[in-house]
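> Sequence:
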Amino acid sequence: MQLTALDKFDQLSPEDFKKNYYQHNKPVVIRDLARQWPAFDRWNWDYFIDIVGDKEVGVYNNVKSDSYTPINTADAYMKFGEYLEMVKKGPVELRIFLFNIFQHAPQIVSDFTWPDTYMKGFVKKFPMLFVGGQGSVTHMHFDIDLSHILHTQFLGRKRVLLFPFEEQHKLYRKPWEVLSLANFAQYYEKFDYEKFPAAKNARGYEVILEHGDTLFMPAGYWHHMEYIDAGFAMSLRALQSSVSGKLKGVWNLFGMRNIDTLMKKTAPKWWYDRKVRQLYTDAKRTLG
Numbered sequence: 001m002q003l004t005a006l007d008k009f010d011q012l013s014p015e016d017f018k019k020n021y022y023q024h025n026k027p028v029v030i031r032d033l034a035r036q037w038p039a040f041d042r043w044n045w046d047y048f049i050d051i052v053g054d055k056e057v058g059v060y061n062n063v064k065s066d067s068y069t070p071i072n073t074a075d076a077y078m079k080f081g082e083y084l085e086m087v088k089k090g091p092v093e094l095r096i097f098l099f100n101i102f103q104h105a106p107q108i109v110s111d112f113t114w115p116d117t118y119m120k121g122f123v124k125k126f127p128m129l130f131v132g133g134q135g136s137v138t139h140m141h142f143d144i145d146l147s148h149i150l151h152t153q154f155l156g157r158k159r160v161l162l163f164p165f166e167e168q169h170k171l172y173r174k175p176w177e178v179l180s181l182a183n184f185a186q187y188y189e190k191f192d193y194e195k196f197p198a199a200k201n202a203r204g205y206e207v208i209l210e211h212g213d214t215l216f217m218p219a220g221y222w223h224h225m226e227y228i229d230a231g232f233a234m235s236l237r238a239l240q241s242s243v244s245g246k247l248k249g250v251w252n253l254f255g256m257r258n259i260d261t262l263m264k265k266t267a268p269k270w271w272y273d274r275k276v277r278q279l280y281t282d283a284k285r286t287l288g
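All residue numbers for the sequence shown refer to our numbering, where the first residue is 1 and numbers rise by one.
These are calculated hints, taken from the structure and not from any lab test. Small disclaimer: the values here were computed from a predicted structure and weren't measured. Every residue, glycine too, gets a C-beta built ideally from N, C-alpha and C. Take these hints with a grain of salt, some might be off.
Stated by the list, open to error - With a straight-line cut-off of 25 Å between C-alpha atoms, the simulated PhoX-like cross-links for lysine-lysine are:
1) Lys26 x Lys246
2) Lys55 x Lys89
3) Lys190 x Lys200
4) Lys88 x Lys190
5) Lys174 x Lys190
6) Lys55 x Lys120
7) Lys284 x Lys195
8) Lys88 x Lys55
9) Lys19 x Lys8
10) Lys125 x Lys246
11) Lys79 x Lys125
12) Lys55 x Lys79
13) Lys174 x Lys125
14) Lys174 x Lys88
15) Lys124 x Lys26
16) Lys120 x Lys19
17) Lys174 x Lys89
18) Lys200 x Lys88
19) Lys174 x Lys120
20) Lys275 x Lys120
21) Lys275 x Lys265
22) Lys55 x Lys26
23) Lys174 x Lys26
24) Lys246 x Lys19
25) Lys125 x Lys248
26) Lys26 x Lys120
27) Lys125 x Lys55
28) Lys195 x Lys125
Said to hold, decoys possible - Computed Cβ-Cβ distance ranges for the label pairs, DEER-style:
29) Ala76 x Lys190: 21 to 29 Å
30) Glu82 x Phe126: 21 to 29 Å
31) Pro91 x Lys18: 27 to 35 Å
32) Lys124 x Lys55: 31 to 39 Å
33) Arg203 x Lys18: 17 to 25 Å
34) Asp192 x Phe126: 33 to 41 Å
35) Gln2 x Gly58: 29 to 37 Å
36) Tyr47 x Glu189: 32 to 40 Å
37) Asp273 x Tyr193: 18 to 26 Å
38) Asp116 x Glu166: 40 to 48 Å
39) Ser110 x Thr261: 18 to 26 Å
40) Glu189 x Lys8: 34 to 42 Å
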């Protein structure tokens, strides 16, 4: 993989952000955007246990999905507080994905400020929390709704690998899905280039997020995340300004995903084998 360190700024004005990053669909990290929020100091494990510890949540392990797995299917369910107590004690290869904590505790919305001067179109009903124990992995994917994301890390460190959407075939995207067939876990130490040779030519970025860092991920960007330490992050989603971008997101959510789920239920082996043949054909084409 051909990786570049991601740009990081302590401060980045809305004007410079729009001119140099948003308008060019280029990711960037802004260190000080969230440090003025009450959440920066207030949000920790005990704070969440106190206010929403009794809520049941879906948890996800590090195993990559197979031909039978619908998108976003939880591996188990438990009380949020029980999960956070596990995370506090040590390495836990379990994470929480797309948890709308604000539905259960709407008062904490006042702990942060919507950065409307940086971009428009925020879906303000759905700020989402992502939590992971040390060692947990979010496998390579792009967000199905094709929203722009401001992803702010709280506590701990997280390693992030990013690629533009156009690199999809070099990343071995599974047709009709938002996931890669390749396993990028610990890519910095090992990666199966023999099985996935086109990945050598994939051009992307890598960065380590720390407490308070806000990552801008443009719509459709591929990302793989590994929790170096236990931590959590909040994602604020903003719809694309173009009608075509919005329509592509709607198709992914209600067309592509439903068709894929149906085929996984009715002919999983045939459907999986068909997709694998297609993705290798697409990857081979990128090699010339």
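> Determine for every hint whether it applies to the structure shown.
Consistency of the hints with the structure:
no.	hint	result
1	Lys26 x Lys246	19 Å, holds
2	Lys55 x Lys89	20 Å, holds
3	Lys190 x Lys200	12 Å, holds
4	Lys88 x Lys190	29 Å, violated
5	Lys174 x Lys190	21 Å, holds
6	Lys55 x Lys120	31 Å, violated
7	Lys284 x Lys195	12 Å, holds
8	Lys88 x Lys55	18 Å, holds
9	Lys19 x Lys8	16 Å, holds
10	Lys125 x Lys246	17 Å, holds
11	Lys79 x Lys125	23 Å, holds
12	Lys55 x Lys79	5 Å, holds
13	Lys174 x Lys125	30 Å, violated
14	Lys174 x Lys88	35 Å, violated
15	Lys124 x Lys26	23 Å, holds
16	Lys120 x Lys19	14 Å, holds
17	Lys174 x Lys89	36 Å, violated
18	Lys200 x Lys88	37 Å, violated
19	Lys174 x Lys120	31 Å, violated
20	Lys275 x Lys120	36 Å, violated
21	Lys275 x Lys265	15 Å, holds
22	Lys55 x Lys26	37 Å, violated
23	Lys174 x Lys26	24 Å, holds
24	Lys246 x Lys19	22 Å, holds
25	Lys125 x Lys248	21 Å, holds
26	Lys26 x Lys120	17 Å, holds
27	Lys125 x Lys55	19 Å, holds
28	Lys195 x Lys125	42 Å, violated
29	Ala76 x Lys190: 21 to 29 Å	28 Å, holds
30	Glu82 x Phe126: 21 to 29 Å	25 Å, holds
31	Pro91 x Lys18: 27 to 35 Å	40 Å, violated
32	Lys124 x Lys55: 31 to 39 Å	21 Å, violated
33	Arg203 x Lys18: 17 to 25 Å	24 Å, holds
34	Asp192 x Phe126: 33 to 41 Å	36 Å, holds
35	Gln2 x Gly58: 29 to 37 Å	36 Å, holds
36	Tyr47 x Glu189: 32 to 40 Å	35 Å, holds
37	Asp273 x Tyr193: 18 to 26 Å	23 Å, holds
38	Asp116 x Glu166: 40 to 48 Å	29 Å, violated
39	Ser110 x Thr261: 18 to 26 Å	37 Å, violated
40	Glu189 x Lys8: 34 to 42 Å	24 Å, violated
In this structure, the earlier hints numbered 4, 6, 13, 14, 17, 18, 19, 20, 22, 28, 31, 32, 38, 39 and 40 are contradicted, and the remaining ones agree with it.
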